[in-house]
Amino acid sequence: MKRRAAICVLPFLLTACAGEQSVLDPAGRDAQVLSDLFWVMLAGAVVLWLFVNGLIFYVTRIAPRPLGRRAAEALIIGGGVVFPTIVLGALLIYALSEMPNQRASGEGLEVRVMAHQYWWRVEYWPDGASEPVISANEIRLPTGQRSEITLNAERVIHSFWIPALGGKTDLIPGRQTRMSLEPVRAGQFRGQCAEFCGESHAYMAFGAVTMPPEEFAAWLEAEAAPAKPPEGNEATRGAALFLSEGCGACHAVRGTAASGAVGPDLTHLASRRTLAAGILPMEKAALRDWVSDPARFKPGVEMPGFDHLTDAELEALASYLMGLT
Amino acid sequence: MTEETPFRHRSIWHMVLAPVVWSLHFASVYAITAIDCAKTGTLDTAQLAIAALTLIALVLIAVITWRSWRQWDYLGDYTYVHDKPTVKHRREFLGHAGFLLGVVSVIGVIFVAMPALFIGSCQ
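From first to last, the protein sequence lines are chains A and B. Numbered according to the working numbering, the first sequence terminates at residue 325, and the numbering increases by one at each position without gaps. Numbered according to the working numbering, the second sequence terminates at residue 123, and the numbering increases by one at each position without gaps.
No wet-lab data here; the hints were simulated from the structure. Be careful, since some hints might not be right.
Computed, partial: chain B to chain A, Cβ under 8 Å [claimed, not checked]:
{"hint": "1", "residue": "L75"}
{"hint": "2", "residue": "Y78"}
{"hint": "3", "residue": "V81"}
{"hint": "4", "residue": "M114"}
{"hint": "5", "residue": "P115"}
{"hint": "6", "residue": "Q123"}
From the derived model, a few chain A residues whose C-beta atoms are all more than 12 Å from chain B [claimed, not checked]:
{"hint": "7", "residue": "L48"}
{"hint": "8", "residue": "I56"}
{"hint": "9", "residue": "L67"}
{"hint": "10", "residue": "E73"}
{"hint": "11", "residue": "P84"}
{"hint": "12", "residue": "L92"}
{"hint": "13", "residue": "A95"}
{"hint": "14", "residue": "E98"}
{"hint": "15", "residue": "E131"}
{"hint": "16", "residue": "R190"}
{"hint": "17", "residue": "A194"}
{"hint": "18", "residue": "E199"}
{"hint": "19", "residue": "F306"}
No experiment lies behind these values; they were computed from the predicted model shown. Ideal Cβ placement from N, Cα and C applies to all residues, glycine included.
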């Protein structure tokens with residue numbers, strides 16, 4: 001009875017294969033290829049497993065008798081040397097033939113990503129642009145076209161990975177690496193730093209959003225615009241606090257006096273899906289907690305805590321930031 | 001066959017020669033690819049060099065494997081157990097092991113060279 005119940009529960013575990021950070025639920029051309037490769041290899045492994053174990057079962061249980069020298073040699077040389085060599089060779093050729101496509105260059109949009117400990121600076125360079133649209137901790141890409149992704153790191157090696165869209169590529173300080181991604185359907189996904197980069201490596205994630213080209217163009221235009229001025233008393237007080245507390249020394253809010261480039265650009269902070277590089281929801285309460293003590297959520301973060309502010313001041317600051325859509 | 005090679009039962013060099021060729025091929029292929037990419041940014045020269053090196057390595061390994069096969073002398077007595085402290089057993093053991101290492105080395109060299117067939121860029 002217990003076993004039957006366990007078996008009934010098993011299919012529900014398959015739901016873990018879908019979702020916004022799954023290689024088995026591809027939404028990009030490259031991820032589709034990798035997923036196909038996985039299924040082909042898995043199928044091959046299952047067939048081989050059944051064949052070898054079937055053979056063992058046959059010669060030990062069903063027909064246990066000594067083999068002649070020739071039959072034994074044919075079995076060992078054929079099944080042990082020739083067959084696996086051919087299978088591995090075929091799988092190698094299949095995988096190798098897919099590799100040049102994975103390195104194809106992008107067209108149109110170029111996204112430049114700079115990895116910091118522990119967040120991502122993101123620059124969008126549309127075709128022919130003379131200056132970038134600067135954002136952070138979220139990657140947006142148009143569907144149906146291959147975008148070039150240029151990668152750099154500030155101090156240590158990181159790795160850029162959106163499992164639903166494609167493979168991963170390292171970001172290396174002092175050296176530019178590249179990759180390209182071609183999303184095939186619109187959706188919301190999650191990326192993650194895939195190379196250990198310090199104590200908050202696990203907290204270095206990012207949101208990824210793919211959108212139809214025209215929606216993407218509209219979003220990019222909005223992203224390029226300066227920040228909205230604060231609305232209401234509380235947000236206005238928050239905006240003043242933002243400047244008087246020195247937040248602008250590290251963070252830029254375009255259209256205001258805040259023009260720091262040490263930390264993430266906050267011009268359209270509240271339009272992002274997540275806070276603090278993919279680890280907190282974009283909500284007022286989370287924002288207040290984060291500003292008051294960032295190291296509680298992300299050990300080793302460079303941003304100091306602002307726990308000397310009163311609750312009302314933190315509330316005002318969060319109000320202002322939540323208005324930056 | 002047996003008396004032609006009087007000291008092969010005392011040396012393991014012949015036995016490990018095929019993997020040595022494989023390792024030299026491996027190191028050369030990696031070095032040539034890195035140098036070509038750094039100097040020219042393309043793989044044209046490297047692909048030719050890899051093809052030539054692979055051919056040379058395969059010929060060398062084939063010769064070594066053939067000599068090991070003869071040293072094993074399997075078709076002479078059909079023995080693949082060499083557990084006696086005699087000259088014949090030592091010689092056949094070293095031939096047997098050298099032959100198997102030769103087979104593995106052929107596969108290794110081909111698998112190492114294969115990416116150069118498919119990947120034509122330094123990216």
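Verification of the supplied hints:
1. A cut of 8 Å between beta carbons decides the hint on L75 of chain B: the least distance to chain A is about 12 Å, and the hint is violated.
2. The interface hint given for Y78 of chain B holds, since its Cβ lies 7 Å from the closest Cβ of chain A, which is under the 8 Å cut-off.
3. The beta carbon of V81 of chain B comes no nearer than 13 Å to any beta carbon in chain A, farther than 8 Å, and the hint placing it at the interface is violated.
4. At its closest, the beta carbon of M114 of chain B sits 6 Å from a beta carbon of chain A; the interface hint therefore holds under the 8 Å criterion.
5. For P115 of chain B, the interface hint holds, the least distance from its beta-carbon to any beta-carbon of chain A being 6 Å, beneath 8 Å.
6. Below 8 Å, beta-carbon pairs count as interface contacts, and Q123 of chain B has one with chain A at about 4 Å; its hint therefore holds.
7. In this structure L48 of chain A is separated from chain B by more than 12 Å, as the shortest Cβ-Cβ distance comes to about 18 Å.
8. Look at I56 of chain A: its CB is around 21 Å from the nearest CB on chain B, clear of 12 Å, so calling it non-interface holds up.
9. Distance to chain B confirms L67 of chain A as a non-interface residue, since its nearest Cβ pair spans about 14 Å, more than 12 Å.
10. A beta-carbon of chain B is positioned within 12 Å of the beta-carbon of E73 of chain A; the least distance is around 10 Å.
11. Some Cβ of chain B comes within 12 Å of the Cβ of P84 of chain A; the nearest lies about 10 Å off, and the non-interface call is violated.
12. A beta-carbon of chain B is positioned within 12 Å of the beta-carbon of L92 of chain A; the least distance is around 6 Å.
13. Residue-level check failed: A95 of chain A sits 9 Å from the nearest beta carbon of chain B, not beyond 12 Å.
14. Consistency note on E98 of chain A: stated as away from chain B, yet its beta-carbon is not over 12 Å from all of that chain's, at 9 Å minimum.
15. With a least beta-carbon separation of about 27 Å from chain B, E131 of chain A lies farther than 12 Å from that chain, consistent with its non-interface assignment.
16. Look at R190 of chain A: its CB is around 26 Å from the nearest CB on chain B, clear of 12 Å, so calling it non-interface holds up.
17. With a least beta-carbon separation of about 19 Å from chain B, A194 of chain A lies farther than 12 Å from that chain, consistent with its non-interface assignment.
18. Taking the minimum C-beta to C-beta distance to chain B, about 33 Å, the non-interface status of E199 of chain A holds against the 12 Å cut.
19. For F306 of chain A, the non-interface assignment is confirmed: its Cβ lies about 44 Å from the closest Cβ of chain B, beyond the 12 Å cut-off.
The structure does not agree with the numbered hints 1, 3, 10, 11, 12, 13, 14 stated previously, though it agrees with the rest.
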